[in-house]
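**Student:** Sequences and hints are given; from them, build the entire structure.
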Amino acid sequence: MSLDAPPEPDERQDIAAAPPAARTRVLWPVLAFPGTLWLVLLFLVPLYVVLAIVFGQIDPIFRSPVPVWNPVHWNTVQFQDVFSHIIGSDGFFGPALLRTAVYVLSASALCLVIAYPVAYYTARYAGRRRGLLLTLLIAPFWISYMMRMLAWVNLLQNDGLVNRALGLGGLFNVQVDWLNGRGLVVVLGLVYGYVPYMILPLYAGLDRFQPHVLEAARDLGAGRFDTFRRVTLPLSIPAIVAAVLLTCLPMLGDYFTNDLLSASPSTSMVGNLINNSVLTPGQTGQAGAFVLLVLVVSLVPMIIYVRSARSEGVAS
Amino acid sequence: MSALTGWWSDPFRKPRVLQTLTVGYLLWSLLPVVIAVVFSFNAGRSRTVWQGFSFRWYWGDPERSVWHNDSLHTALTHTLVLGVLTTAVTIPLGVAFALGVDRWHGRLPSGANLLMLLSFVIPETLLAVALLFLVTQLTTPLQLGTSAQVAGLVTFQLSYPVVIVRARLVTIGKQYEEAAVDLGASPLGAVRRVLLPLLAPAIFASTVLVFADVIDDFVIVRYLSGDSSSEPTSVKIYNTARAAPSPALNALASLMLLASFLAVALGLLAYRWLRRGERGERGIESFAAGG
Numbered sequence: 022m023s024l025d026a027p028p029e030p031d032e033r034q035d036i037a038a039a040p041p042a043a044r045t046r047v048l049w050p051v052l053a054f055p056g057t058l059w060l061v062l063l064f065l066v067p068l069y070v071v072l073a074i075v076f077g078q079i080d081p082i083f084r085s086p087v088p089v090w091n092p093v094h095w096n097t098v099q100f101q102d103v104f105s106h107i108i109g110s111d112g113f114f115g116p117a118l119l120r121t122a123v124y125v126l127s128a129s130a131l132c133l134v135i136a137y138p139v140a141y142y143t144a145r146y147a148g149r150r151r152g153l154l155l156t157l158l159i160a161p162f163w164i165s166y167m168m169r170m171l172a173w174v175n176l177l178q179n180d181g182l183v184n185r186a187l188g189l190g191g192l193f194n195v196q197v198d199w200l201n202g203r204g205l206v207v208v209l210g211l212v213y214g215y216v217p218y219m220i221l222p223l224y225a226g227l228d229r230f231q232p233h234v235l236e237a238a239r240d241l242g243a244g245r246f247d248t249f250r251r252v253t254l255p256l257s258i259p260a261i262v263a264a265v266l267l268t269c270l271p272m273l274g275d276y277f278t279n280d281l282l283s284a285s286p287s288t289s290m291v292g293n294l295i296n297n298s299v300l301t302p303g304q305t306g307q308a309g310a311f312v313l314l315v316l317v318v319s320l321v322p323m324i325i326y327v328r329s330a331r332s333e334g335v336a337s
Numbered sequence: 004m005s006a007l008t009g010w011w012s013d014p015f016r017k018p019r020v021l022q023t024l025t026v027g028y029l030l031w032s033l034l035p036v037v038i039a040v041v042f043s044f045n046a047g048r049s050r051t052v053w054q055g056f057s058f059r060w061y062w063g064d065p066e067r068s069v070w071h072n073d074s075l076h077t078a079l080t081h082t083l084v085l086g087v088l089t090t091a092v093t094i095p096l097g098v099a100f101a102l103g104v105d106r107w108h109g110r111l112p113s114g115a116n117l118l119m120l121l122s123f124v125i126p127e128t129l130l131a132v133a134l135l136f137l138v139t140q141l142t143t144p145l146q147l148g149t150s151a152q153v154a155g156l157v158t159f160q161l162s163y164p165v166v167i168v169r170a171r172l173v174t175i176g177k178q179y180e181e182a183a184v185d186l187g188a189s190p191l192g193a194v195r196r197v198l199l200p201l202l203a204p205a206i207f208a209s210t211v212l213v214f215a216d217v218i219d220d221f222v223i224v225r226y227l228s229g230d231s232s233s234e235p236t237s238v239k240i241y242n243t244a245r246a247a248p249s250p251a252l253n254a255l256a257s258l259m260l261l262a263s264f265l266a267v268a269l270g271l272l273a274y275r276w277l278r279r280g281e282r283g284e285r286g287i288e289s290f291a292a293g294g
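Those protein sequences? They're chains L and D, same order as listed. Here the first sequence stands for residues 22 to 337, numbered as in this note's numbering. Here the second sequence stands for residues 4 to 294, numbered as in this note's numbering.
Hints listed in this document are in silico derivations from the structure and should not be mistaken for laboratory results.
Here chain L is said to cover these stretches of chain D; the calculated rule only asks that three of the stretch's residues, wherever they fall, bring their Cβ under 8 Å from a Cβ of chain L:
#1 35-43
#2 118-127
Label pairs and their in silico Cβ distance ranges:
#3 G152/L x S74/D: 38 to 44 Å
#4 F54/L x W31/D: 43 to 49 Å
#5 E66/D x G202/L: 31 to 37 Å
#6 G109/D x Y69/L: 23 to 29 Å
These figures come from a predicted structure and were not determined experimentally. Quick reminder that beta carbons are idealized off the backbone N, C-alpha and C, glycines included.
**Tutor:** So this is what it looks like as structure tokens:
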């Protein structure tokens, strides 16, 4: 405070605010404590248990994992074992990992191709029907994922409606075995499952656009595509990044879409590797190693998402 | 041809292409589910051929309907129990955490906030496996079954109330509670009598969102379930969808759908009522912001 500043207001404020401020300093940590403790005990500690199991021992008789808590005594045998089966002649995990990357990337790309126009239309042109449209776009959130997959299992059965529609209602006898190890069906299932999670963040981002910016671009002579390419798209990059991350991350751990729509090892992803080994005696460490692998891969996208969410002040 | 190019380059034309895409998307996304619900009312065993309308798979069939089949009945009840218990723990924990982390500045609270955001974006399978390892490898009060399921669900859902309440805290600002403290309220009193009433819509919205999300959860509840008595609806669907399906499964799924929609519809109505008279109220949009 400089000399010419009147001292009274500051002092008055100090006197009035000091005792409650001191108590407030206690109140906020007290309020934050239970949630923080919960996250430490049930989020951080479990992740450490994974490490202790992956780098721990296996009981030689019961084949059960023996977690090693002290990092000094960790050994990497199980981890190396898994890694040696990823690449090379013994690499029976390799194809599944590669498939995960291909499936997740192509499903995300397809999601974006579907979600962007829908979100764009809703944000810019929905007009009076915006409320109805948003309700319908949000509806899949409140339909259980399993129910949505069950719906497709029904439709894609050998005698299901899809085959009957393809046979023009009995004119031809179409017997496509959709639900048996078809990669395309799995990818489309993933798209169907996760596309709603992409539309909402995209909508939230596109809705913040000022229409004047687009009008200005058109006024200045840019065509429809130029306006999109040089104004709309660059402005929506943050929303696209957030939306893609929000759909990619859960897809990385997905095994149930695959189980329901394919149930064949020829389409299995890393989620299936985790799911198949996690309950098998003697393979717990292997499941843990895959969990660790996916965690390491998803850590960067997770942090990018958290940072972008923070800078926007929201997290969804 | 010239009519077509003229239409295409008309800057004031209606966005027909986008409109068609959007309508097509909505049909693709919702029609399969509608068909699944319709077939839950099928009189026969088929899920692909319509054999007449009946409530057979809801309560008509003495053995295989949702009401009379023990395993389907148990799944339904267990799902609702998990929904209520998880919501009851998550909301107070999350609201307190949001208030604390929002108003307390420093490294510790921002670290806690980072932890919360990471728990929101971590692939659910990873968290579920980690929690399964925790419950099976360490001696904890948690047992596979309801207690472990609730603990896991709370961890995964905690971010919803926190994010929604914090978004609302930003719009409320600090002046109301400062005024309350100036007028002689204790800090806790200011929170209880000024902030919490102002936060009521946000708390309510997150309650509904958490409940509706929990009863649809699959990954966490499956790994942390004990015996078949703690297998909720989603796990039941997963286990029987390919093996031994019957329209009763569609009926079970339709009931869960009804529960979710009822919760959300009630929530939306109450949310509008709580925020009545506020400027800039955008109904479903601000309500959906958390989802």
